[in-house]
Amino acid sequence: MTPNPFPIPRPEYPRPDRDRSARWRNLNGVWDFAAEGYDGTITVPFAWESEASGVHRTWMERGVYRRTVTAPSDWDGSRVVLSFGAVHHHAVVSVDGVVVGEHTGGYESFEIDVTGALAPGVEAVLEVAVTAPADKRAIPHGKQRSIPRDDYDGVSFTPTSGIWQTVWLEARGRTYARSVVLRGDSLTGIDVTVALAGDAPAGHAVTATVAGRTVSLTADGSGTAKGRIELDDPRLWTPADPHLYEVEIRTGDDRVIAATGLRRFEARGEELYLNGDRVYLRGVLDQGYWPDTGLTAPDADSLLRELELARGLGYNLVRKHLKFEEPLWLHEADRTGMLVWAEPACPSRFSPEAAAAFEAQLPAMVERDGNHPSIVIWGLYNEEWGLDWDIPGSPARAEAAVRAYERLRELDDTRPIVENSGWSHVRTDLVDWHYYEPDLGEWKDAVARLASGEQDAFAVRLGPDFTVDKSFYGSPDVPRRGLPIVNSEYGEGFTSLERAWHLRWETQELRRHDRFAGYVYTEFADVEHEAAGLLDIDRRAKDWGGCVPADVNAETVLVLDMVPAAAGADITPPDSPFRLDVHVSHHGGTEVSGTVHAAWTAPGTPTATVAAPVASSEPVKAEPFQLSPAATLAVPAVDGPARLLIWLADNENRTIARAFLDAAEIEPPNRRGARPGEFEGAPIPGIA
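If you're matching positions, the sequence shown starts at 1 in this note's numbering and goes up one per residue.
Read the hints as simulated data drawn from the structure, not as lab findings. Careful, some of the hints might be misleading.
[What the hints assert, rightly or not] Label-pair ranges, simulated between beta-carbon atoms:
1) Ser302 - Arg62: 37 to 47 Å
2) Asp469 - Gly203: 57 to 67 Å
3) Asp301 - Gly203: 22 to 32 Å
4) Glu12 - Gly121: 54 to 64 Å
5) Pro352 - Ser222: 27 to 37 Å
6) Tyr273 - Ala396: 34 to 44 Å
7) Ala356 - Pro479: 24 to 34 Å
8) Glu591 - Arg23: 49 to 59 Å
9) Glu591 - Pro352: 50 to 60 Å
10) Arg23 - Val468: 53 to 63 Å
Cβ coordinates follow ideal geometry from the N, Cα and C atoms, glycine included.
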């Protein structure tokens with residue numbers, strides 16, 4: 001084929017966390033492509049289902065990519081490595097018609113040493129033959145649709161097949177670091193493990209240098225070198241100070257710079273700690289799908305902006321759902337201090353082969369991503385996907401979840417692991433649960449019962465007319481007390497206004513109960529038909545009806561003792577004064593104190609508006625991770641629709657938390673069954 005005259009898509013170096021960008025060549029761009037019913041070109045690295053690829057065809061099960069490639073002539077004497085960010089699902093790679101390697105696993109990165117097949121300065125034909133089964137039920141595929149249709153189709157999206165992350169060449173030393181594993185959980189130094197490949201790995205000398213300190217290591221007979229670098233004045237990685245250490249690894253003429261941070265994330269009883277300080281997870285679920293490009297971000301700026309947007313919504317954690325996200329994104333999370341819950345894609349049906357395929361991803365996941373300090377939780381299965389929604393009824397399925405947990409624990413013992421996110425835990429370091437409930441009165445009551453331990457099961461709608469009770473616990477081996485509890489999926493509403501309303505009130509009930517260690521809202525952005533995002537599919541803010549997600553998800557929030565009636569009409573306009581009890585939930589390092597104020601304003605008034613209070617409480621103090629006693633407001637009546645702004649001001653009159661109530665007439669019947677405008681202990685006069 002002729003050289004590509006167009007700009008290279010995704011031109012940036014894809015591995016800033018393991019940097020060899022001094023000698024690399026990007027192979028993205030236009031390739032020849034042949035498939036059944038198609039013979040033309042395709043733009044790499046976009047899946048053949050995507051519009052950006054130029055092919056835009058779904059349910060093709062095989063495609064062959066071809067292009068000419070020339071390694072730079074000044075790489076002569078080096079080893080040449082061909083790297084793939086991800087190819088779904090099985091790839092056979094050839095150079096000049098000779099197979100040089102193959103790989104199975106649609107989300108893993110992989111590389112092939114092509115030194116003997118690709119001579120620097122000599123043009124060669126590179127071919128990648130990809131098989132992507134339409135029937136994905138027994139292979140890890142996350143939320144990609146499958147044929148035949150299965151029970152997960154309603155929450156699945158257009159598949160992402162073929163090459164869907166960057167392809168590139170690197171020049172390396174004759175003996176080189178194939179992998180670099182760094183761990184900083186000791187908080188005083190960095191443990192280093194380097195696996196060598198190339199001419200002479202066994203017994204090879206390795207040096208590791210960081211912050212002016214160098215250690216010399218020697219590889220053992222398998223080509224693996226291990227050591228530890230103790231640091232003077234170690235600087236810990238935290239969201240507030242996300243300090244990264246760059247470790248230079250040299251093996252003779254090979255050099256790579258890998259990054260990590262010093263941090264320890266752990267469960268102590270029912271609480272979570274980062275570097276010894278208690279932490280509360282305020283998370284959002286992100287599926288990492290894009291219009292026109294599927295699982296591949298259209299460009300680096302868009303990908304990295306995701307983290308800025310999530311932070312702007314008040315979140316300190318992103319649960320990257322059923323997908324290994326690009327190292328570029330993970331490095332940005334490291335660099336900017338965002339916590340990450342990382343998890344692989346699941347199959348959708350159980351079989352021994354499906355369970356084995358699921359587990360086969362785990363070494364590649366940990367090797368590629370384990371250095372990132374931002375990753376604080378590993379997830380595994382999600383809601384028994386790939387386990388046929390039936391851990392409690394099947395010892396074989398329960399054993400598959402246990403086996404996956406144990407395998408991941410062997411690979412990495414520095415992070416909590418969740419083996420089956422959302423339901424029926426059998427071996428886990430966190431008890432997490434997924435609960436969707438449209439009735440805010442029932443939500444409030446159920447969350448209270450789950451927090452107290454009175455209840456450990458909750459209703460899950462698996463279909464329009466199919467609801468089952470799912471429990472926190474799927475095995476007596478999981479303790480009923482002593483593990484952190486995190487709601488890792490919640491959210492309701494059909495319109496953006498309703499979803500923002502549910503966000504406000506559901507989140508405050510999670511914050512009411514100090515036993516919980518955090519939450520993850522569903523979700524960050526819309527995906528195709530799934531319009532549950534705080535942002536639309538193009539990452540634009542929706543109409544939140546006055547809700548400010550950053551206020552809802554702040555370190556300090558207000559918790560109101562009431563059940564609202566409807567989106568846009570929390571209460572009817574009160575025709576006489578009423579009492580409103582307000583608590584403070586604070587998750588900072590030190591206590592906060594101040595006074596709660598309220599002011600009636602016109603409907604739709606922005607919540608940050610400065611207004612003269614019509615009611616103020618006595619001083620209130622909130623200790624960290626303890627819901628404060630009630631601060632009572634005596635709120636006067638109001639004539640007609642209005643918005644009641646509520647805020648906590650400290651002793652210097654700085655606002656440190658905000659909430660609001662919308663007062664408007666409520667049209668019966670209340671179709672969700674919520675108890676309209678109900679206050680605890682003191683209903684508003686005139687409201688039944």
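Verification of the supplied hints:
1. Ser302 - Arg62: 37 to 47 Å: violated, 30 Å
2. Asp469 - Gly203: 57 to 67 Å: holds, 60 Å
3. Asp301 - Gly203: 22 to 32 Å: The hinted range 22 to 32 Å is violated for Asp301 and Gly203, with Cβ atoms some 45 Å apart.
4. Glu12 - Gly121: 54 to 64 Å: Because 26 Å falls outside the window, the suggested range is violated.
5. Pro352 - Ser222: 27 to 37 Å: Once the Cβ atoms are compared, 30 Å apart, the range 27 to 37 Å for Ser222 and Pro352 holds.
6. Tyr273 - Ala396: 34 to 44 Å: 36 Å Cβ-Cβ, so the 34 to 44 Å window holds.
7. Ala356 - Pro479: 24 to 34 Å: Holds, since Ala356 and Pro479 (Cβ atoms, about 29 Å apart) stay within the stated range.
8. Glu591 - Arg23: 49 to 59 Å: holds, 54 Å
9. Glu591 - Pro352: 50 to 60 Å: holds, 54 Å
10. Arg23 - Val468: 53 to 63 Å: Holds, since Arg23 and Val468 (Cβ atoms, about 56 Å apart) stay within the stated range.
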